[in-house]
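Undergrad: So the chains spell out like this:
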Amino acid sequence: MPVLIYTETEKGNFKKNAFEVASYGVALAKQLGTSSVAIAFNPTNAAVLNEYGLDQIMVVKQDNLQGFNAKAYAATISEAALQIGAALVVVSSSADSKYASPILAASLKASYAPNVVSLPESMDPFTVKRTAFSNKGFAHTVLLSGVKMIGVANNTFGAHPTEGNAVIENFSPSLDTSIFSTKATSVDKVAGKATIADADVVVSAGRGLKGPENWGMIEELASVLGAATACSKPVSDLGWRPHGEHVGQTGKPVATNLYIAIGISGAIQHLAGVSASKVKVVINTDPEAPFFKAADYGVVGDAFVVVPQLIEKLKVFKAANA
Amino acid sequence: MKILVCISNVPDTTSKINFTENNTKFDPTGVQFVINPNDEFGLTRAMWFKEKQGASVSVVTVGDASVEPTLRKALAIGADEGYRIDALPTDGFFVAQELAALVKEVGFDLIIAGRESIDYNGGMVPGMLAHLLDFNYVTNCIDLKIEGPDITAIREIDGGKETLSTQLPLVIGGQKGLVEESDLRIPNMRGIMTARQKQLHIKAATTSENLTNDQQFSKPEAKGTVTMVDASDLDTLISLLHKEAKVL
Numbered sequence: 000m001p002v003l004i005y006t007e008t009e010k011g012n013f014k015k016n017a018f019e020v021a022s023y024g025v026a027l028a029k030q031l032g033t034s035s036v037a038i039a040f041n042p043t044n045a046a047v048l049n050e051y052g053l054d055q056i057m058v059v060k061q062d063n064l065q066g067f068n069a070k071a072y073a074a075t076i077s078e079a080a081l082q083i084g085a086a087l088v089v090v091s092s093s094a095d096s097k098y099a100s101p102i103l104a105a106s107l108k109a110s111y112a113p114n115v116v117s118l119p120e121s122m123d124p125f126t127v128k129r130t131a132f133s134n135k136g137f138a139h140t141v142l143l144s145g146v147k148m149i150g151v152a153n154n155t156f157g158a159h160p161t162e163g164n165a166v167i168e169n170f171s172p173s174l175d176t177s178i179f180s181t182k183a184t185s186v187d188k189v190a191g192k193a194t195i196a197d198a199d200v201v202v203s204a205g206r207g208l209k210g211p212e213n214w215g216m217i218e219e220l221a222s223v224l225g226a227a228t229a230c231s232k233p234v235s236d237l238g239w240r241p242h243g244e245h246v247g248q249t250g251k252p253v254a255t256n257l258y259i260a261i262g263i264s265g266a267i268q269h270l271a272g273v274s275a276s277k278v279k280v281v282i283n284t285d286p287e288a289p290f291f292k293a294a295d296y297g298v299v300g301d302a303f304v305v306v307p308q309l310i311e312k313l314k315v316f317k318a319a320n321a
Numbered sequence: 000m001k002i003l004v005c006i007s008n009v010p011d012t013t014s015k016i017n018f019t020e021n022n023t024k025f026d027p028t029g030v031q032f033v034i035n036p037n038d039e040f041g042l043t044r045a046m047w048f049k050e051k052q053g054a055s056v057s058v059v060t061v062g063d064a065s066v067e068p069t070l071r072k073a074l075a076i077g078a079d080e081g082y083r084i085d086a087l088p089t090d091g092f093f094v095a096q097e098l099a100a101l102v103k104e105v106g107f108d109l110i111i112a113g114r115e116s117i118d119y120n121g122g123m124v125p126g127m128l129a130h131l132l133d134f135n136y137v138t139n140c141i142d143l144k145i146e147g148p149d150i151t152a153i154r155e156i157d158g159g160k161e162t163l164s165t166q167l168p169l170v171i172g173g174q175k176g177l178v179e180e181s182d183l184r185i186p187n188m189r190g191i192m193t194a195r196q197k198q199l200h201i202k203a204a205t206t207s208e209n210l211t212n213d214q215q216f217s218k219p220e221a222k223g224t225v226t227m228v229d230a231s232d233l234d235t236l237i238s239l240l241h242k243e244a245k246v247l
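Protein sequence lines correspond, in order, to chains A and B. The numbers in numbering that gives the first Met the number 0 rise by one with no breaks, and the one at position 239 of the first sequence is 238. The numbers in numbering that gives the first Met the number 0 rise by one with no breaks, and the one at position 72 of the second sequence is 71.
It is possible that part of the hints are untrue.
With a cut-off of at most 27 Å between alpha-carbon atoms, the simulated BS3-like pairs for lysine-lysine come out as follows [claimed, not checked]: (1) A:K277 - B:K218; (2) B:K1 - B:K103; (3) A:K182 - A:K60; (4) B:K202 - A:K108.
Residues from chain A that face chain B, not an exhaustive set, calculated with beta carbons under 10 Å [to be verified]: (5) K29; (6) G32; (7) I102; (8) A104; (9) T130; (10) D187; (11) V189; (12) I195; (13) V281; (14) V304.
Some chain B residues flagged as far from chain A (calculated, every beta-carbon gap over 10 Å) [to be verified]: (15) E67; (16) G121; (17) I145; (18) T193; (19) A203; (20) L240.
Simulated from the structure, these hints should not be mistaken for laboratory data. Using N, Cα and C, we set each Cβ at its ideal position, and we do this for glycine too.
Excised from the complex, chain B in its bound form (with noise of 0.2 Å):
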């Protein structure tokens, strides 16, 4: 079994977020990047795969030069590969036909992205990709399981899980559940020095399009003062909640 692991290189989750140009652009000054979130419990979800059912595993970002730190954290993780497709993606469509024709050019069976990146929040990249390659698709994935030509995934639904039958290949939208925060990796030493010798392809972009563009970001309005209530005058809290918020 061939695995593709989709990565977002994205902000630390602590990270404040600030806009530069005129607002135009994400500002990075001061940013930690990171594997997404979502991308690292499906990094070591196929790290599982690779070590108890000898499947390989391959990563892949698109970006330019700056994600290689993410992607080489990820060999270092134990991934077998990387490919770097070099281009900046634009939104999830571009990115989507990019993946999609690295899909095609390299082959996989299993291709694990997240259900979404923490950063733009789309969550429109694995589902595109699998519709662009006439994959098996599940997102909000919380559990997989692979046994022989019989797969058997969970995702989360409102309220509750699901469970689903399906075949490869597939496309998984992954999520923490398929693996446990306990269960991620911090990369050791042996792991950093090997992954220096693991190839990361360049590639060149095809020829995509981008369908939307985000022209200008804003932050929420400041958040007015507390109003605070004592603990022993909660009649209080209920009656401003009733007529002063009208939540009750």
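So that you can see chain A by itself, here it is in the shape it has in the complex (with noise of 0.2 Å):
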């Protein structure tokens, strides 16, 4: 009874969390003693997964498959699940994945927790720990169903390579054609641009900057840091950046290593969207801003001030450290 991890490529390269979930399904694999078998579609070079400990990988090449399709990768990994009988799926919590995963649960009829951050606290009963209200708890959750689906929080477990010599085999689903009765047709994405599911860090600002013209050090700071900017929710209701910047509760939630508040005060809607990452830093100009009490770091001062100077002061670093 195998674990299946669905392993993310975009171009034929795995994604970062690819090599998340590997480690976690192979891990997750030991502590049921069984084999741990990864599906990739059309990778360029499947091998590179070898470093995960993985015993078998799946590798789809079609291509009808080459752009992700939440209806036609479900139901191939669906396939792929029933063919080697496996016990457990594992999927990462990418937009791609929360997309394909619920229908694939459907389909298997898998009992499915999204958002998990860690292993399983218990087999008997199968119980796993995820986030919910929006990072402001957790619900131990218990999987009732034969066939269970975990989907690892992002930035949670991590990627722990280790040796391993997998067996590479080919996979090919028979899929009906209808499947793809809803199609992509252009996708907007700045290329090797960090983006918030991702980054190591994250630079987020809000009001305090006062206007959208003054994104420039935001902009200048991310990019010495190779971070993905963020904002606040008025910031994005105001329209001064795009709504897939907004992160907090009705946002995107952020699970990074390093997150960067500036100009933001830090309401209990964007603490808990931010709340799982590991390290948070605030500048603002406010000393009672509710913000500074969740952070590690803070900075009492204005950003129009703080943030050049820790510009200049990064690239000194960066340029020693490199």
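Assemble the dimeric complex from its two separately framed chains, guided by the hints.
TA: Structure representation (structure tokens):
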């Protein structure tokens, strides 16, 4: 009863989260005393996954599956799961995985827990810990059915390379053409830019910046740190920044290693959305800003003074530590 | 076009979350319940289809009688009729099956749900519903245009967006962007009065099963104290991030 792991690719390359879910799946298979099998769509080099200790890699090479398609990918993974008799399916928390996973879960009639933050707490009953109430709490959820499905929360388990010598096999699903009735026609994405979902550092700014014309220094700070940019809800509602950058309870959750909040006071909804980030730095003129209570490091100061200095000092630091 | 908007009854975003009965249940004491924000964006988009394209709009919630004020609010915003499926929503698969049964019985072309509820954050009901009904499906939807048989939807992806072409019947997982925050409607007195006359059908649950059980809840550990750094001493900040926090 192997563990099947959906390792995501983009244009043939494995996404960062593929290594995290592979590591999670391999550790889970060890706990269960079973084998670990990854499935990947059109990877240029499937052997890259060999560094994560998998037993088997199923490679789907099909032209009509070059780009992500939720129903077609779900049907393919479902067919693979049935073929190998998978007892557990592991997926990530990417936008694509969250799109395909409910379809996959319903088709396998699997008990599905998303946003899982650690390996199962108990095997009998099979219990996982997942975030709930938009990171204000955790649910300890029992997965009741025979086939179980775990969505690993971003940047919680981490990638753990270990030696492996996986058997790489091709897998060809039998898909009905009607499954492609919803089709992507274009993608609008800046190539090579860190995203909120997978960046190690996120630089976020709020109304304290006073206007969209002042975002240049935020972009520059992000670029020095290789970070993604984000913003508070009022900033996205005012149209200063795109909705895709809004982090918080009704925006995106952020689970990065370093979150730098500039000119954000720290409304409860924002704090919930970023609480899974490991280290939080808050820069704010108001020493009473509630965000300081949720921060690891705080600087009371004017963003227009502090941020340019921080950029210069970080450039020096980066040059010295390159 | 017959639209069904699926509504989840959730704690207001400003709520502090507590658990009760030995941490086995959510504690609703002092909590204000609202239409799940992601569903409200969808409801508001549905009202646009009603006003501009002559669609009918029904709303549904799975829950006991305590969710009715939230359904009435959706009716006051302008939905034509409401359905309450009389059962506690035990998990996502349970809710999806109940909704699928209603859709099969009544018949709808477009189902708009939220991309996730802000309480249990499952994000699975619309996708499971689409599978059970064999409808098309787009989630994280930030734009939806319907012109004759052609539907264009835009979904948010990690780091950008993707445009999709699809057709009815369709299930949408909506979020902000479907309409803007400033488009959201506060029910006026006339809306509230008319909502009282609108039909709220109460349906018995079918024999759906749940596949998961939230048996226990817990809260995040309390945060340690913040280390303050003087604004004139940013070298110390960088050094702390490098040597102590090890994130640089």
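Undergrad: Starting from the hint list further up, note which numbers the structure goes against and sort them upward.
TA: 5, 6, 16, 20
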